[in-house]
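Asks: The residues making up each chain are set out below.
Protein chains: 2
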Amino acid sequence: MILIPKTGFPITAFGNDKKNKYMQALVYQNKRLIFKDDWPKPQPVAGEALVRVLMAGICNTDLEITRGYLNFAGVLGHEFVGVVEESSNPSLLSKRVVGEINCACGECSCCQVGLGRHCPQRKVLGIAGKDGAFAEYLTVPEQNLHLVADNVANQAAVFCEPLAAAWEILEQTPVTPQDDVLVLGDGKLGMLIAQVLKTTGCRLLAVGKHKEKLALFESWGIQTGLLTDLGMRLFDIVVDATGSPQGLRTAIEHTRPRGRIILKTTVAEKQPFSMAAVVINELTIIGSRCGLFPPALEALSGRKVSIESLISAIYPLAKGLEAFQKAMQPGVLKVLLQT
Amino acid sequence: MILIPKTGFPITAFGNDKKNKYMQALVYQNKRLIFKDDWPKPQPVAGEALVRVLMAGICNTDLEITRGYLNFAGVLGHEFVGVVEESSNPSLLSKRVVGEINCACGECSCCQVGLGRHCPQRKVLGIAGKDGAFAEYLTVPEQNLHLVADNVANQAAVFCEPLAAAWEILEQTPVTPQDDVLVLGDGKLGMLIAQVLKTTGCRLLAVGKHKEKLALFESWGIQTGLLTDLGMRLFDIVVDATGSPQGLRTAIEHTRPRGRIILKTTVAEKQPFSMAAVVINELTIIGSRCGLFPPALEALSGRKVSIESLISAIYPLAKGLEAFQKAMQPGVLKVLLQT
Chain A
37 MILIPKTGFP ITAFGNDKKN KYMQALVYQN KRLIFKDDWP KPQPVAGEAL
87 VRVLMAGICN TDLEITRGYL NFAGVLGHEF VGVVEESSNP SLLSKRVVGE
137 INCACGECSC CQVGLGRHCP QRKVLGIAGK DGAFAEYLTV PEQNLHLVAD
187 NVANQAAVFC EPLAAAWEIL EQTPVTPQDD VLVLGDGKLG MLIAQVLKTT
237 GCRLLAVGKH KEKLALFESW GIQTGLLTDL GMRLFDIVVD ATGSPQGLRT
287 AIEHTRPRGR IILKTTVAEK QPFSMAAVVI NELTIIGSRC GLFPPALEAL
337 SGRKVSIESL ISAIYPLAKG LEAFQKAMQP GVLKVLLQT
Chain B
37 MILIPKTGFP ITAFGNDKKN KYMQALVYQN KRLIFKDDWP KPQPVAGEAL
87 VRVLMAGICN TDLEITRGYL NFAGVLGHEF VGVVEESSNP SLLSKRVVGE
137 INCACGECSC CQVGLGRHCP QRKVLGIAGK DGAFAEYLTV PEQNLHLVAD
187 NVANQAAVFC EPLAAAWEIL EQTPVTPQDD VLVLGDGKLG MLIAQVLKTT
237 GCRLLAVGKH KEKLALFESW GIQTGLLTDL GMRLFDIVVD ATGSPQGLRT
287 AIEHTRPRGR IILKTTVAEK QPFSMAAVVI NELTIIGSRC GLFPPALEAL
337 SGRKVSIESL ISAIYPLAKG LEAFQKAMQP GVLKVLLQT
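Heads up: the protein sequence lines correspond to chains A and B, in order. So the first sequence is residues 37 to 375, counted in my numbering. So the second sequence is residues 37 to 375, counted in my numbering.
The hints are simulated quantities; they were obtained by calculation from the structure and are not laboratory data. Incorrect hints may have been included.
Here are the simulated lysine-lysine pairs, BS3-like style, with alpha carbons at most 30 angstroms apart [as the list claims (entries may be wrong)]:
hint, chain 1, residue 1, chain 2, residue 2
1, B, Lys159, B, Lys67
2, A, Lys67, A, Lys57
3, A, Lys131, A, Lys67
4, B, Lys77, B, Lys67
5, B, Lys306, A, Lys306
6, B, Lys249, B, Lys362
7, A, Lys245, B, Lys306
8, B, Lys249, A, Lys306
9, B, Lys131, B, Lys159
None of the values given here were measured: they were computed from a predicted structure.
Using the sequences and the hints given, assemble the complete structure.
Replies: This is the structure we're talking about:
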């Protein structure tokens, strides 16, 4: 892991008043990613907390947004750990927290069955309609916040959101020790997913294209292979975490009749595609996105997953543009921003 | 329904011996559909019965095969009712039967869990590796045959296969009176599926493009609408029975978050496609193909579904080429072949 020191980074020379009104932020605006040191500091509304960001993670979705995905404009970032500076809830004040990213209306039919993360009116931190965490501060609905146990370092806590997305699979479909499971994709999400699936005792194989990444899986006791070595092998469950539109096609080829595909890949790109094999083999494709934070926090606290080796570099927020460049390089895993 | 009379049809002037060796058949060969009156009569092998075909139905899959789908060559036809003329099983002899179309190996892991219709070594009547039912005779594994109750006419029994495919949905996923269900597609399969789903008491809407076809749904007490009137309405379950690659896209647009799509459409055609909404809304797509015959036979016998109005025309086998022309015309529903 490379730690980019703050040394040499110009301190913003604001007076106290200005300091209270403005902050540093990494903003996607007019189709460009820019670093601002005079972005308005957000004001929490009723039910919201003001969170001072300690650390935030750059996710592939952030990279996709800077390529035009989802048409978002504002402060990027949805993976973070921070400290609550303002809240009407005393049990949150001054506490270290992570936050679920979907800000739901609380009233619609989705919200009423506990699926606020599918609320059609929702805003999503740094993704849709609400500024995110690549800033000194962000506001978050208090109900989205979860306390972080003392034994979880910032560098681990910041993985809570993507780890919850990995855990979502187990909330959606049962995985048992009798299942042959294939994880496609040796990127960050594939690494988290494979570690989560390993906790079920299933017969697990992770495949990818990068031997040095697959070596990490092996270090966690997960069997690996190269995509090109799969042959005609079929699995009960195949997880597509490739981030490529080709991933689903590969998943379909390697799922046994009546088997399940967990689809994690979201890409804007459209590719010519036939679903005939899904019908003929009666496959089930389960789209899987954000997950609940408690199981992820518990896994981090209980050291059930290994996080450290996923961090490629830590940059100060003011070097966010460099951090994005780094995150886009092949072979780079998680790049973190420190505030 | 148009009944094309046999009058004027030239009787084949075979002697007795030749009559025993050859038969009439509708054959897809060298990329052409041809009528033969000297096709070799099939000989049952051990475990097979010889079935004299009484009536057979032309399915969209047959039409697709004549457009090159699945690369099949041989006698077409997989929807049939017939009489067993030869069998080592005395309980089948001279009985009226229908037959499941997948001829499985009986030994592989699929077969051992009762999923012979997914056996990777399977042949499929009139679709893959085995001659079908658009002929005077076909051979069928005895274990595939089911007796037809006396109160089920040939014209109803011949619908057993597509009706079983409709019933398959209920074998794969629960449908309850609390579910809002949308059936996309007002063709034959959509009609059978809607009738099957109606038996669950779910809140059902069938939509299509053809007012005259939708009127049939209404006559069965099923609420209908035009595709163009759907607006932004969302459903718990959406069945794609459109037969068009556009169908899945429409289904995705009208399925609520965490809802289910039942995919019945098999088309060879590939279209540019993004699955992002499946992930974002965590939809489940369930591919659905052939079903078990017993529930379909019971429904036919118990008059739970209306079949008569689905028959557009009945042709003698020798006019099979005309029958195919008819089946390809817009607005035409089921075309049957009588032997």
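Asks: Hint by hint, note whether the structure agrees.
Replies: Going down the list of hints, with the structure as the test:
1. Lys159(B) / Lys67(B): holds (20 angstroms)
2. Lys67(A) / Lys57(A): holds (25 angstroms)
3. Lys131(A) / Lys67(A): violated (35 angstroms)
4. Lys77(B) / Lys67(B): Given that 30 angstroms is the threshold and the Cα spacing comes to 22 angstroms, the pair holds.
5. Lys306(B) / Lys306(A): Holds: Lys306(B) and Lys306(A) sit about 12 angstroms apart, inside 30 angstroms.
6. Lys249(B) / Lys362(B): Since the Cα atoms of Lys249(B) and Lys362(B) sit roughly 17 angstroms apart, the hinted pair holds (cutoff 30 angstroms).
7. Lys245(A) / Lys306(B): Holds, at about 27 angstroms.
8. Lys249(B) / Lys306(A): Roughly 33 angstroms separates the two Cα atoms, so the pair is violated.
9. Lys131(B) / Lys159(B): Since the Cα atoms of Lys131(B) and Lys159(B) sit roughly 24 angstroms apart, the hinted pair holds (cutoff 30 angstroms).
In terms of the numbered hints stated before, the structure departs from hints 3, 8, listed from lowest to highest.
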